[in-house]
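Enquirer: So the protein sequences, as listed, match chains W and X. Counted from 1, the first sequence has number 243 at position 243 by our numbering; the numbering is strictly sequential. With the second sequence counted from 1, adding 315 to any position gets you our numbering.
Think of the hints as simulated: they come from the structure by calculation, not from any bench. Incorrect hints may have been included.
Quick partial rundown of chain X residues pointing at chain W, CB under 8 Å, derived from the structure [stated by the list, open to error]:
1. Val344
2. Arg355
3. Pro357
4. Arg429
5. Ser432
6. Ile435
Even glycine gets a Cβ: it sits at the ideal position worked out from N, Cα and C.
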Amino acid sequence: MTAPAVRAENVVKHFGDVKALDGVSLTFEPGMIYGLLGPNGAGKTTLIRVLTTLLRPDSGSAEVAGVDVLANPTGARRRLGLAGQSAAVDEFLTGYENLEMVGRLYGLGRAEAKRRANDVLERLTLSDASARQVKTYSGGMRRRLDLGASMVGRPDVLFLDEPTTGIDPASRIDIWGLITDLVASGTTILMTTQYLEEVDQLATRIGVIDHGVMIAEGTSDDLKNQIGGAIIELMVRAGNRERVMETLRSSTSQEPTYDPVRDLITLPAPGGTADLFCVVRALDAIDITPLAIDVHKPTLDDAFLALTADQEVPA
Amino acid sequence: MTTATLPEAAISGDAHRISLIAGLRDTSVIVRRNMVRNVRLPQLLIFATIQPVLFLLLFNYVFGGSIGLSLGGAYGGKYINYLLPGMLVQTAMFSSMQTAIGLTEDLGNGVIDRFRSLPIARSAVLAGRTSADMVRTLFVVSLLTIVGYIVGFRTADGLPKLAIGLIFCVLFGFALSWVMAFVGLAVKTPEAANSAAFLPLFPLMFASSIFVPVDTLPSWMQGFAENQPVTVLADTMRGYVLGQEFLSTSPRSLTTLSLFSMFWIVVILVIAVPLAVRKYRRTVA
Ligand SMILES: Nc1ncnc2c1ncn2[C@@H]1O[C@H](COP(=O)(O)OP(=O)(O)OP(=O)(O)O)[C@@H](O)[C@H]1O
Ligand SMILES: [Mg+2]
């Protein structure tokens, strides 16, 4: 494949007044995991539905593995696999029958469909349950089976919409392993998730989408760097909070924010440890000793919260 | 549905079509899947059979006396002989509702999304569903015929003609299944499908010769009732199973009835298949 794995240009999809996608462009090369992040309702699922031919955009264009999904959806379907946000498996078929059916519908012969179904069941550690009807499966087993169904066709590009939601931590690690194996064997993956550590661990590139717009793009480090070098977090007595905020503002010329959930004041610290000293000295001057103080490199969570907070629009 | 900027022609470009052979293969895979469901979900088959059997017995024993008299000495004086062919058509009609309900269930649990993301012919999912439902209809009408035999029904012209009648009946159900496929895709939930599906069926059923001869219906209704598909199909069935005794009272010969039935089946298919396939392609779950 020399074409990009996915190329979307200016994709717009409105549902009535809701601008689910408001001009999203996205391009990435084969052989990587692309992580799509965004708060609830950002448009992640809508973008995946457009890219997997399930939804026609109002305007814009999209290609998967070099095939135009609008002009040649069948061709695109031959190259893509989809595990949607809710498990799309047939309750009354067994796990094996589900996968074998999907394999046959990808055009595989009987023997090959059988071989791959068993193969995938094994990799998903579902072999023991393969002869049981899916209605007896737990939620996590269904999701794993659904993931399996997206893999039997050995697609070039695999779209996984929240593949680990509702899956226990041990199985989640298994699925991470499976995803990295797939990429090692040449599959390109676009995945969405609510777990930032997941994209931090797995994804080569990350896109952040909010209100139907791509608001940031790059590697995990790129995103973390976007919000500056480091973060200072400190905890003070409630009665002192206003004075401390005031002092921080004047002494560092950065804007502190208060996070009531964690009861922490957060301050960007582009100067790293030097800024920490500056803060300590300023607080000492007004005779306040913080209950706790810490400087750390921003996590993806910090980056994500900062990025999506900027986008806040009144509902 | 919002307007798309790409012309329709771009999506249905012939170059990207699935070959006929591949399409048939996809359809057969989906037929098998639906048949397995029918077998593993026995309540589907049980309810599908109990209801018509109950209807048949109720109508036969409750109305059999009075209507039987009005038939004069015809059909061995047995209302069941007049009733059963009509009931078979009615059963095929109601059996087709299951197409709408089954499709909405598939829509709801995401199975349709899965199918739509696979490289299969656009019509395969619907053809697979309607064909599997046709097999189910065949099973149910056959069973109903057997019950009819038990309570006194007798065919006049032998089993081969009965079989031809049943084939008409099942094909009619198949054509209606495509209408129901459209209904299911339009309403999207099983509950809504259940009520919406009755709408086209009820008037057709009552303004027909299923329960009583058309000339006993109100006169303003007779013109419609005589020519509408349910009457035509029910009369065709009667022509095949009751033979001369029925045909001599009918304004139409068996050949006319058969052609008229085929006409209706083809007309319904020609209208419903493209509509349903188009709806399928555009349906957003
Ligand atoms: N079929 C639809 N009809 C109407 N509105 C829709 C439809 N699908 C999505 N939306 C709206 O479009 C917006 C984007 O939805 P989408 O499902 O893409 O979000 P998401 O990023 O996947 O969210 P989540 O993280 O909750 O899965 C939401 O406001 C949603 O309500
Ligand atoms: Mg989503």
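Enquirer: Give a verdict on every hint.
Expert: Going down the list of hints, with the structure as the test:
| no. | hint | result |
| --- | --- | --- |
| 1 | Val344 | holds (5 Å) |
| 2 | Arg355 | holds (5 Å) |
| 3 | Pro357 | violated (11 Å) |
| 4 | Arg429 | holds (4 Å) |
| 5 | Ser432 | holds (4 Å) |
| 6 | Ile435 | holds (5 Å) |
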